[in-house]
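These are the residues of each chain, in order.
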Amino acid sequence: MVGITAFGGYVPKRRLQRQAIVDAHVWADPSLANKGRGERAMANWDEDAVTMAVEAARACLHGGAQEPGAIYFASTSAPFADRQNAGIVSTALSLPESIASLDIGASQKAGTSALLQAVGAVQGGLYESALVVAGEKRRSKAASAGELAYGDGAAALTLGHEGVLVEFVSAQSATVDFIDHFRSATETYDYAWEERWIRDEGLAKIVPPCVAGALAKAGLEAGDVDHFIMPSTIGRAVAGIAKKLGIAPAAIADNLYAVMGESGAAHPLVMLLHSLQTKAKRGEILLLVGFGQGCDAIVLRSTAALADYRSAQGVADALARRQPEENYQKFLAFNDLIRLEKGMRAEADDYKTALSVTYRKRDMLLGLVGGRCTQCGAMQFPRTDICVNPQCHAKGAQEPCSFRDQPAKILTWSADYLAYTADPPSHYGMVAFDEGGRFMTDFTDAVVGGIEVGMPVRMVFRIKSVDRRRGFVRYFWKATPA
Amino acid sequence: MATGIKDKVAILGMGCSRFGERWESGAEELMVEAFGEAIEDAGIDVSEIDAAWFSTHYEEINVGKGGLPLSIALRLPNIAVTRVENFCASGSEAFRGAVYAVASGACDIALALGVEKLKDTGYGGLPGGLGGTLAPQWVAKGSAPGSFAQLASAYQAKHGVAREDLKRAIAHVSVKSHANGAKNPKAHLRREITEEAAINAPMIAEPLGLYDCCGVSDGAAAAIVTTPKIAKKLGKENIVSVKALQLSLSNGSESGHNSWDGSYFHTTRIAARKAYAEAGVKTPRQQVSMFECHDCFSITEMVTVEDLQLSDEGGAIKDVMDGFYDADGRIPCQIDGGLKCFGHPIGASGIRMLYEMYLQLQGRAGERQLPDPSIGMTHNLGGSPMSNVAAVCIVGAYA
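Chains as they are written, first to last, in the working numbering: chain A, 1 to 482; chain B, 1001 to 1399.
Rather than coming from a laboratory, the hints here were simulated on the basis of the structure. Wrong hints could be hidden among the right ones.
Pulled a few chain B residues facing chain A out of the computed Cβ check, cut under 10 Å [stated by the list, open to error]:
1) F1087
2) A1140
3) A1162
4) A1197
5) C1213
6) W1260
7) S1263
8) K1282
9) P1284
10) G1323
Straight-line alpha carbon distances no greater than 30 Å define the calculated BS3-like cross-link-like pairs of lysine-lysine that follow [what the hints assert, rightly or not]:
11) K342(A) x K1274(B)
12) K205(A) x K35(A)
13) K1186(B) x K352(A)
14) K342(A) x K352(A)
15) K352(A) x K1233(B)
16) K352(A) x K35(A)
17) K1232(B) x K1158(B)
18) K395(A) x K13(A)
19) K1183(B) x K1065(B)
20) K1158(B) x K409(A)
21) K1274(B) x K395(A)
All residues carry an ideal CB built from backbone N, CA and C; glycine is no exception.
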């Protein structure tokens, strides 16, 4: 039996109120007036598809899950077009360098396609287990439909033979060059066609035969489907397909539009994880559909093990951790949608990154790996030749040790209005780890008045800074209130 | 066995440019201004200088690397010039080079000159940016105020100080320095301020407001040193000699090991202890007449007075509020206005501090003159609370 053995989800804490978007643009487009309901997940300025994927994968792998033999990263908003994004995720999680990796993109069904490829590889015996992680932070123009509909998020799951929570049953795919929207390799934003045409000529005609094929392979009827998991923000599109196929209306999974928006290629997996955490019982049939220039229909069956499984952070947990954002200007600023005066201090970020250093220190910079002195036990970051403990100073005695999940507290801090940050004031300070070790680090997802000495923090993988001149994103870890 | 520096070197002459936003001057002109005063004060000819030490921190916006900028600006007689750089303690480092050269007997007369031309950056505050290829990829990118503001959070937590009490005490630190600076014709900031103004000033880095931050200034300062014997031979009276000169540098324990609580300067405590021992100062609170502390920020001065053993640990707020460090207090601090008001041209500051101690000891400080000071001390700090260079120098009358 091959199936999902663990999962983790991530949704950024900030939730932009749709009403704030509507209020800003309704003067030009009166049809927006009734579209202000709900909220969309809004990545912080220092988050992207990769950082969100790291958080989801981290939750998925928490508690010593089997080390995957391969990592599949799905996204249409991966920060690098030519640098393996899966490799950044893998290094951030200190997965072994013997791992295979693959980025999958260029379609909204990239998430389900990645899942299928991983299932095939594990079934075929290429890998004992595989990690599938999807992250998406789609860009959208101000006042566009996408701005209201999209939401940022990530989902991760491992596939394997042991401890299966959700068994893979069957799948059917289709490849049809149906262009509901597109984004050329050099463009930032999507160009979309009319929704009614997408619904009637695309979704309604491409999805049903694919689903029927998958169910037939499994020897199931549409009426056997307990959870129909298919993203679409187009009104009545999914309900129409369910009706046409004979899937019970009650089986249609919440598309999370009200609480986070649609996270693109990650969304089928995000919805799946949400269903697994909130709805699915043992022995139920889940039908997962990804759509984009074709279709992936995947039939899954939950096992008895699901009831006892607790993810370190599922999509439902991530959704519960929310901070409403009513300041649309902040969304515009974070997403480079207005030309903002950032001040001369911001120019300091446009420096050339020494790639040879980034490589030499990759476990430190991406994996937050420091050292533990084998002589005195002192934890220290960074790892150095001579122990930092004034009572030890042992030479060459440190073994690698990651600070990612070490409990820590704030020792000193300030909220700095002078230093440049996209989200002023810049909160930073000395973080001291309970088991030893400390360093001065940036804080993220912090609010003015919300930081104090002694506060427990958790380390998160984020964008450190961006060299806009060369288009290079630098990642490091930051502290956030636990 | 090392015998220390006490009374081996005398200050022959000193000079200091006017500090401030010297839009009309470049670093070269500032160097000439400070050196001109120093050489006149020393009463020697430039040809009598054997070697020079030159301190400047930001070569990117200044005169460039190496010793050449000083040699060329002053048209020095093809002597050795060494450029030194040790963050904001660079000036003390240049002075140390010149003093050691004389103490070793390798030179009869040596020059230390520090300069910084900060007002060519296009914005207020110090230029940011972390050096090297690795640090910018992981170290939190903050500003100088944000870095020193961290002291306040830890000090408050350690001593159970309410934010408003801390704000008022650090406001008093700045009010005192402004009152002193107003009397200094060479100072950058010469306006008195009130505690209320300081407390209500715009926030720079919590809890430091605008008046908790020192001036960002252009300026230069110079010292010409020799042996007491040569000074006497040159007819000098009221000779001021170096009693102690100590540097202590962080080795990464504060920033990397959980043995430091973030509320004080580990290095300053070490440098002060060594300097007092070298100078023979046994009871600093009773013996030190006056001092210049590295008051880059009000909070730095407040915690440093404890590290210098002048106030008890946790007792700084009371001493500050009691006026212990005011011009008419028991140990006047920043009698020239300090970094706060005289200004802080990085490479010059350590020498500027000595300039005031030297003038005071010689009774030449004009309106600011203190009655009969005998021991003056400078504390010059470079870096950040968690990782820094602390320099403590003690000067006094040559007996």
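ask   = Holds or violated: is there a CB of chain A closer than 10 Å to the CB of C1213(B)?
value = Holds: closest Cβ of chain A sits about 9 Å from C1213(B), inside 10 Å.
inquiry  = Under 10 Å is the threshold here; is the Cβ of P1284(B) close enough to any Cβ of chain A for the hint to stand?
reply    = violated, 25 Å
task = With chain A as the partner, please determine if A1197(B) meets the hint condition of a C-beta pair closer than 10 Å.
result = violated, 18 Å
query = Taking the least C-beta to C-beta distance, is W1260(B) closer than 10 Å to chain A?
reply = Result: holds, 9 Å to nearest chain A Cβ.
inquiry  = Under 10 Å is the threshold here; is the Cβ of G1323(B) close enough to any Cβ of chain A for the hint to stand?
reply    = Constraint on G1323(B) not satisfied, violated at 28 Å.
inquiry  = Can you verify the interface hint for A1140(B): is its Cβ closer than 10 Å to any Cβ in chain A?
reply    = holds, 4 Å
request  = Compare the distance between the alpha carbons of K342(A) and K1274(B) with 30 Å, and conclude whether the hinted pair is satisfied.
outcome  = violated, 46 Å
ask   = Has the given pair, K1274(B) with K395(A), been kept, meaning a C-alpha gap of at most 30 Å?
value = holds, 28 Å
key: Interface hint status, F1087(B) versus chain A (Cβ within 10 Å)   = Not OK, violated: F1087(B) not within 10 Å of chain A, min 16 Å.
message = Would the hint linking K1158(B) and K409(A) be met if the CA-CA limit is 30 Å?
response = holds, 15 Å
Proposed proximity, K352(A) with K342(A) (alpha carbon, max 30 Å) = Holds, at about 19 Å.
task = Take a quick look at whether K352(A) and K35(A) sit within 30 Å of each other, Cα to Cα.
result = violated, 44 Å
Hints 1, 3, 4, 8, 9, 10, 11, 13, 15, 16, 17, 18 and 19, counting from the list given before, are not met by this structure.
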